[in-house]
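Below are the chains, spelled out letter by letter.
There are 2 protein chains.
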Amino acid sequence: MRPKLEDVAKLANVSKTTVSRVLNNRGYLSQETIDRVYQAVKELNYQPNVVARQLYKKQTRIIGLLFPTIANPFFGELSAELEKRLYNEGFKVLIGNSMNDPKKEAHYLNQLLTKQVDGLIVGTHNRGIKEYNYSHLPVVAIDRNMNQDIPVIESDNYNGGVLATTHLINQGAKKIIHTNGPIELESPTKRRRLAYEDTIKAYGLTPITVTVDFNIPYIEKKKIFTQIFKDHPDLDAIFASNDVDAALIMQVALEQGLHVPKDLLLVGYDGTQIIQNILPGLTTVVQPLEQIAQTAITVLKQRLNNEPTDTEYILPVTLHKGITG
Amino acid sequence: MRPKLEDVAKLANVSKTTVSRVLNNRGYLSQETIDRVYQAVKELNYQPNVVARQLYKKQTRIIGLLFPTIANPFFGELSAELEKRLYNEGFKVLIGNSMNDPKKEAHYLNQLLTKQVDGLIVGTHNRGIKEYNYSHLPVVAIDRNMNQDIPVIESDNYNGGVLATTHLINQGAKKIIHTNGPIELESPTKRRRLAYEDTIKAYGLTPITVTVDFNIPYIEKKKIFTQIFKDHPDLDAIFASNDVDAALIMQVALEQGLHVPKDLLLVGYDGTQIIQNILPGLTTVVQPLEQIAQTAITVLKQRLNNEPTDTEYILPVTLHKGITG
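These protein sequences, in sequence, are chains B and P.
Terminal number for the first sequence in UniProt numbering: 325, no gaps in between.
Terminal number for the second sequence in UniProt numbering: 325, no gaps in between.
Looking at chain B on its own, in the form it has when it is part of the complex:
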């Protein structure tokens, strides 16, 4: 016989309510009571019926987060924000860093399809994962278009592109290069590129976009940035696709003897707390990270409850004016 709650109560010499309060961390409890209850839990090898309940309800109260890597400050801060808010709503958070690992992403989707997690929030960059095509999955995407059925939460990428490019032009830049992810990536971040190109052309200038894959190592990125300076010695500004790349560009420029902002104007994208604090001078487009996290959770809960949702949620960005551009 599996031990029951009342067996724990009896052994610990407390009421069932007290056992339940200890196990659920509720109300004031003396350390002595807590110790007695856990001692009984241990002796009996008791497991509360949470797991059993999961089995019958087919609910785990676990949400999976799939991002390229939480080692990147944007995904690190976003995951921390999501976890904080999900925890407060009674969910636990499984994390998967799926950078360059479509098999791992497929595996987590498999977890979802077989009800081992209740829902997924995904912002990965892998392509061609067929499991997303099952309809009405409790999945929301951040900055990624997966299929018609999965809602996307994103910052206003187009306006971000306009803000950054217009700002550089107003500062006097004539030859502005934009870095962005691979064109074939199905992500609303492509709209930054579109906005950059539209704005550049509206001012009678020539757009030059250089592809920098988010998923390659820093050293490869630095090679690409070095090549940009070699190919375009008359370059006077860069609108980088994220703040970490902007910081790398600043390093590479310095190695080329170019000082920001004297010789090169620079605008980044993301506006994470850590970069804003260690490089407050970086001009950047700030994404509303808390609002993105909260919207993703609200929409995911609607999906879990089979309620209708919009297909796209676009949240406002702002320009932080530093001294780099």
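In short, the hints are calculated from the structure, not lab data.
Certain hints may be false.
Since copy identity is lost for identical chains, a pair holds within one copy or between any two.
[Said to hold, decoys possible] In the DSSO-like style, the derived pairs of lysine-lysine whose C-alpha atoms are separated by at most 27 Å in a straight line are:
1) K42 to K130
2) K103 to K4
3) K222 to K84
4) K10 to K42
5) K4 to K174
6) K130 to K115
7) K223 to K301
8) K175 to K16
9) K130 to K223
10) K4 to K115
11) K42 to K103
12) K16 to K115
13) K262 to K230
14) K221 to K174
Computed from a prediction, not measured in an experiment: that's the story for all the values here.
Based on the hints, put chain P in the right spot on chain B.
Leaving out everything else, chain P in the frame of chain B:
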């Protein structure tokens, strides 16, 4: 009756082996087969017996990671590394950001005690959590002393402190200030302070350690750093307790009209990839992050198997010489 694997196989018109291969992502499978199997899973509302198996085996194959916040690059990169390696060993990873939240930490311990996770890797800063006192818990700590029973994985904090301090003295610094966490925090990182003080005294200088709690907001930290410059106008070097703080100190120094390294020598601690890449000039003590992650996992697996372990694992550090000190 709950649907069984053979019901799925029958409906999808494939063998049971094929269903199992689809659900476990094993071997070559055509997209058509995958689709047929998942369609049947969905129609039957089938849930594989993983959850049931968990219930009887009392194993979840889930490891919880408890760190102050993955928004910090050290914990972000460490968590990413731990997740990658644990995933390869067949574990999934729950994450909890427990900064300033002892209740949340106690809650995750409760999950462990009631077998909802198999083990915990903790590097939190909360104090006075009594649940750790149950013996033989499958818990390992990173940079934290919890009790006699829980093994601690740490970098060689004492040697790190010696390397940083000796380096600054060799560069000609006379008045060197060290920043470190609260003295009452039970963490091996206190040995950096001890090493700094021992080294400073061995050279006939006066140690000055300023307390900076890791868990306070950036703005509060900046106030403390500003105060340091006000209190010690003759200061010529700082050995900061982590790289993010070092980067903040560089900003604050600049606001005070002090340039690094001309007016102030600066050494950090951690050597995360991101900081090394965006601030390659920062001289810092580099922790062996991959080795810390691997050791934590190896030791945790030993605990899970009831094998004996050491109580402390000290891993070597190196000094990265940049241009700040």
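(request) At 27 Å max between alpha carbons, let me know whether K4 reaches K115 within a copy, between copies, both or neither. (result) both (26 Å within a copy, 15 Å between copies)
(message) At most 27 Å between CA atoms: does that hold for K223 and K301 within a copy, between copies, both, or neither?
(response) Close neither inside one copy (43 Å) nor across copies (40 Å); limit 27 Å.
(message) If the cut is 27 Å between Cα atoms, do K221 and K174 qualify within a copy, between copies, both or neither?
(response) So K221 and K174 pass the 27 Å test inside one copy only (24 Å; across, 40 Å).
(message) For K130 and K115, with the copy left unspecified, which applies at a CA distance of at most 27 Å: within, between, both, or neither?
(response) For K130 and K115, the Cα distance is within 27 Å only inside one copy (18 Å; across copies 34 Å).
(message) Regarding K175 and K16, is the shortest C-alpha distance of 27 Å or less found within a copy, between copies, in both, or in neither?
(response) neither (73 Å within a copy, 62 Å between copies)
(request) Go through the copies and call it for K262 and K230: within, between, both or neither, with a Cα cutoff of 27 Å. (result) Within one copy, since 18 Å is at most 27 Å while 31 Å is not.
(message) When Cα atoms must be at most 27 Å apart, do K222 and K84 count as within-copy, between-copy, both, or neither?
(response) Cα proximity of K222 and K84: across copies only (25 Å, versus 34 Å in one copy).
(request) Could you figure out if K42 and K103 sit no more than 27 Å apart (CA to CA) within one copy, between two copies, both or neither? (result) This pair counts as between: shortest inter-copy Cα distance 21 Å, intra-copy 38 Å.
(message) One pair to classify: K4 and K174, alpha carbons no more than 27 Å apart. Within, between, both, or neither?
(response) neither (74 Å within a copy, 66 Å between copies)
(message) Cα distance capped at 27 Å. Does K16 pair with K115 within a copy, between copies, both, or neither?
(response) between (31 Å within a copy, 19 Å between copies)
(request) Could you place K10 and K42 in one of the four classes (within, between, both, neither) given a Cα distance threshold of 27 Å? (result) within (14 Å within a copy, 43 Å between copies)
(message) At most 27 Å between alpha carbons: which applies to K103 and K4, within, between, both or neither?
(response) between (40 Å within a copy, 26 Å between copies)
Comparing the model with each numbered hint stated earlier shows that hints 5, 7, 8 and 9 do not hold.
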